[in-house]
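Here the protein sequences come in this chain order: A and B.
Per this note's numbering, residue 31 is the first one in the first sequence, and the count goes up by one each step.
Per this note's numbering, residue 327 is the first one in the second sequence, and the count goes up by one each step.
Just so you know, the hints here were simulated from the structure itself, not pulled from any lab data.
Wrong hints could be hidden among the right ones.
As the list claims (entries may be wrong) - With a cut-off of at most 30 angstroms between alpha-carbon atoms, the simulated DSSO-like pairs for lysine-lysine come out as follows: (1) A:Lys115 - B:Lys544; (2) A:Lys33 - A:Lys224; (3) A:Lys265 - A:Lys149; (4) A:Lys228 - A:Lys198; (5) B:Lys544 - A:Lys136; (6) B:Lys544 - A:Lys111; (7) A:Lys115 - A:Lys268; (8) A:Lys115 - A:Lys104; (9) A:Lys258 - A:Lys269; (10) B:Lys544 - A:Lys198; (11) A:Lys224 - A:Lys198; (12) A:Lys111 - B:Lys380; (13) A:Lys104 - B:Lys544; (14) A:Lys55 - A:Lys187; (15) A:Lys269 - A:Lys257; (16) A:Lys111 - A:Lys55; (17) A:Lys115 - A:Lys198; (18) B:Lys544 - A:Lys209; (19) A:Lys228 - A:Lys260; (20) A:Lys260 - A:Lys104; (21) A:Lys43 - A:Lys33.
Said to hold, decoys possible - Covered stretches of chain B (chain A as the covering partner; in silico rule of three or more C-beta atoms under 8 angstroms from a C-beta of chain A): (22) 350-357; (23) 539-545; (24) 582-595.
Note that the structure is a prediction, hence the values are computed from the model and not measured.
For each residue, glycine too, the CB sits at the ideal point set by N, CA and C.
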Amino acid sequence: MSKQYGMVIDLQKCVGCGACALACKTENNTQARVNGQTFNWADFIYTEEGKFPNVSYSTIPVLCNHCSDAPCVKACPVTPKAMYKTADGITMHNDERCIGCRRCQKACPYSATDVAKEKAEYSVISANIGTEAPHAASRDTSEMIKGCTASGAEVAKLAGAAPPYQNKYNHPDYENIRKRGVVEKCIFCEHRVKQGMKPNCAEACPAQARIFGDLNDSASEPAKLLKKFKPMRLKEEKKTNPNVAYIRSFKGSNKV
Amino acid sequence: MPDSSNLTGSRDDLRIDRSRCLRMRFSDSGCRRCLDICPNGAVSLDDGLSINSKQCRGCLLCTAVCPAGALEQGSDFSACLAQLSRVPEPVLGCVRTNECSHATMACLGSLSEEHLFALCHALDGRLTLNLSQCGDCPNSAMLAILAQRLNTLSASGLSDEGCCIVLAESAQDIKCRAESVDRRSFFRSFGKVLLQNAAVILSNTREQTEQRTDYTGKRLPMRRELLNRTRSRLSLELELLVRTHFDTCVSFDNSSCTGCQGCVAICPTGALMTGVMDEKPVFDYLLCTGCGLCREFCLDHAVRVTPRAGL
Ligand code: SF4
Ligand code: SF4
Ligand code: SF4
Ligand code: SF4
Ligand code: SF4
Chain A
31 MSKQYGMVID LQKCVGCGAC ALACKTENNT QARVNGQTFN WADFIYTEEG
81 KFPNVSYSTI PVLCNHCSDA PCVKACPVTP KAMYKTADGI TMHNDERCIG
131 CRRCQKACPY SATDVAKEKA EYSVISANIG TEAPHAASRD TSEMIKGCTA
181 SGAEVAKLAG AAPPYQNKYN HPDYENIRKR GVVEKCIFCE HRVKQGMKPN
231 CAEACPAQAR IFGDLNDSAS EPAKLLKKFK PMRLKEEKKT NPNVAYIRSF
281 KGSNKV
Chain B
327 MPDSSNLTGS RDDLRIDRSR CLRMRFSDSG CRRCLDICPN GAVSLDDGLS
377 INSKQCRGCL LCTAVCPAGA LEQGSDFSAC LAQLSRVPEP VLGCVRTNEC
427 SHATMACLGS LSEEHLFALC HALDGRLTLN LSQCGDCPNS AMLAILAQRL
477 NTLSASGLSD EGCCIVLAES AQDIKCRAES VDRRSFFRSF GKVLLQNAAV
527 ILSNTREQTE QRTDYTGKRL PMRRELLNRT RSRLSLELEL LVRTHFDTCV
577 SFDNSSCTGC QGCVAICPTG ALMTGVMDEK PVFDYLLCTG CGLCREFCLD
627 HAVRVTPRAG L
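The following block holds chain B by itself, in its conformation from the complex:
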């Protein structure tokens, strides 16, 4: 086994589904979220989406910004959640920190706001993110981004009522006790079973890292699915905050929409549906990631994409 301190992730930790990419679905789309965040210059969008496997280091930062699920992490996040909820003071780390984390991911760069939000409300007490090996990791660019994501969450009040997430950059701050299997903690975590069961749906880890779905098929990105599972068991106050922070409202200009249903076809997630043929489409905010592709695509400029109001 290689020395874990030299490990980093690779392109194999990334699952790519080109048929979801906004650029592939609509060649005039201006989306470049993955390109902008990638610290290694591994993303190319010139001829549709492609990831250079020599340059990609598996920091998975792109998976946390792609609004369409074209880039997602290959590993099983719900298994992580399940492992963490069995421990009273869980520690989550990456592959470099195997020995002193209760659960690991390829790189913590894949923790999007949705993931942090889910962790926050699925666990009790205190969750430590083991960043002790990040300083000299080639993927250290994720440190600042992760901290910023966490700040955004707490600034919007979204981490209220949840567990406390601590970023631990030095080894002394990490107390990783062996996994405790005593009855009390087992029953404490029992209340979370619902969420874990639900999360199984998200856990279909696949061997290949290249996935091909039909362009006509709709698929909700894992991040959005995770958010929807998490929000279903929150207080009304939090739900209102979730709406303002994560939800989008798509509406149509009645006078210019021709009801061609083109945006229904282009939407990667299935948030737009045909109600009545030749009339404006029907919108489901739970399925919308706010990617804006429908607005970019409409020839008649009839689509408005706006944040959803809290109330």
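Just chain A, with the same shape it has in the complex:
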């Protein structure tokens, strides 16, 4: 049977520290929030419920669900699709073919075209809709003090190293920094997974609440957990067949 990569998130292990989100940002060089786009490939839903003194506060880490029936893939108009499923079940984005029409963003039930306007908590897909090319720091070649110091990018070029805050990796489908006009989202760190490593969010989680692996392999860690506990998935009514599942939610909360 072919692989189906997926992730199980153990909500009783998750302490809501945000290490996953930061690890994702550094690994994938994602930008800061702008134009109603979060650029947080890993993000959170925070819920406060109840009335004092019976209150509860819960954190649910979110990322692309790498859905088996992904509406984003269905919506992508390009041939061959810029948003597509890999043989390993990852929902992959090719930034060369992407024309930036944002139909995927509209179609994904876990995304918003503008998180501020739609009052959405998070958006799996973000779009580079600004008029300037993103990642100015990585592209900047100007001098910091005229005629004196060089920019980080310039120094890095001479030294053959990465400019500050840019993790350089190579992948045939996506670049490590984005260009204007395309969308972006979690790609399950395929560049790492291909080399036998875990996605960086799973690597960084101090509580080991994110368990990544092949869901079709019954001996894999996530598959075993899915058997042991009754999993919950986001917006199951949308019939997207998410491959990110949540287990062991605290009682009372977690209406998602």
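Mind docking chain B with the ligands on chain A? Use the hints.
Chain B with the ligands alone, transformed into the frame defined by chain A:
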């Protein structure tokens, strides 16, 4: 060197840029202009654009109809223009007519209305198109199409004020004098230098016949670029005729356009631009080829593509 009478073009004369093809950009696009015109059945659109190199004979008819610049001729048309303008009574032919033409192209099937229009207004006097070898050429299907393109131009008055283009199907009609380099004709052609300089932009001949541009990148097809260069130096009457014949008007239904900017992304040429986010896009008719992809693509059926009125 092979006997030139046996020569025909090949798939190598065609430059393909799949990222421009309307079908590649939008899988539901109904465009099939290249498939319909190809006399050799070399085009397949089932799985995106592909050209069968065994069947393609390089007639380049498709390059004259593709509205997006996905199929273009690989050779340098501006060099042709420059060569022709140096001769008082120029003759333009294909590779089969090397000996008796002042300039050659892979096949004259690549002469679109825009090309004919440019030739007509860049040259003086009389231009002969050497068709003497076309009759027994496997690409002879282009003969009727070329004649029809020329008719359309003159019927719309677009060849008024320009040089006279003659289709010469028999060898007797062709007087190909050696290229004259006398001072007078040199200075006569000097007035055309502007146009030729401008045409240099069009002349970046590339070695590979497969080109890859970014899907997000916008590129004006060579034909449209050529038209824009030509029209910039015409009389107002002609400019009005150009508008009616070649230009398109893209407008938006204010009540149904959601301002999603999807059509801005899908447009291959850059004719649609984002003015204000979440509002209807801004349109530049000079960059539009009238391909209609924006209309096909809009989920809200908010785009109207209509001919541009003359006035
Ligand atoms: S969560 Fe959204 S972006 Fe991810 S696969 Fe599902 S539909 Fe696509
Ligand atoms: S924005 Fe890119 S990935 Fe998304 S639907 Fe459009 S072309 Fe496909
Ligand atoms: S005419 Fe051009 S845009 Fe249309 S299908 Fe053919 S290659 Fe694609
Ligand atoms: S015309 Fe259609 S595709 Fe273009 S911005 Fe308006 S709604 Fe979007
Ligand atoms: S504006 Fe519309 S019709 Fe004009 S070139 Fe762009 S997509 Fe084609």
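Inset, instruction - Starting from Lys269 of chain A, check that the Cα of Lys257 of chain A is at most 30 angstroms away, please. - result: 21 angstroms, holds
Legend entry - Given pair status - Lys209 of chain A, Lys544 of chain B, alpha carbons within 30 angstroms: 14 angstroms, holds
Inset, instruction - Decide if the proposed pair is consistent with the structure: Lys258 of chain A and Lys269 of chain A, CA atoms, cutoff 30 angstroms inclusive. - result: 23 angstroms, holds
Inset, instruction - Sort out whether Lys33 of chain A lies within 30 angstroms of Lys43 of chain A, counting only the CA atoms. - result: This hinted pair holds, its Cα atoms lying about 26 angstroms apart.
Legend entry - Coverage of the stretch 539-545 of chain B by chain A (three or more Cβ within 8 angstroms): With 3 residues close enough to chain A, the hint holds.
Legend entry - Satisfaction of hint between Lys198 of chain A and Lys224 of chain A, Cα-Cα up to 30 angstroms: Cα-Cα ~16 angstroms, so holds.
Inset, instruction - Assess, step by step, whether the Cα of Lys104 of chain A is no farther than 30 angstroms from the Cα of Lys544 of chain B, and give holds or violated. - result: 25 angstroms, holds
Inset, instruction - Would you mind confirming whether the straight-line C-alpha gap from Lys265 of chain A to Lys149 of chain A stays at or under 30 angstroms? - result: 17 angstroms, holds
Legend entry - Pairwise hint evaluation, Lys268 of chain A against Lys115 of chain A, where the allowed Cα distance is 30 angstroms at most: Within the cut-off at roughly 18 angstroms; holds.
Inset, instruction - Assess, step by step, whether the Cα of Lys544 of chain B is no farther than 30 angstroms from the Cα of Lys136 of chain A, and give holds or violated. - result: 23 angstroms, holds
Inset, instruction - Measure nothing beyond the straight line between the CA atoms of Lys228 of chain A and Lys198 of chain A; if it is 30 angstroms or shorter, mark the hint as holding. - result: Status holds; Cα separation ~17 angstroms.
Legend entry - Hint consistency between Lys33 of chain A and Lys224 of chain A [alpha-carbon to alpha-carbon, up to 30 angstroms]: 13 angstroms, holds
Violated hints: none; the structure is consistent with every hint.
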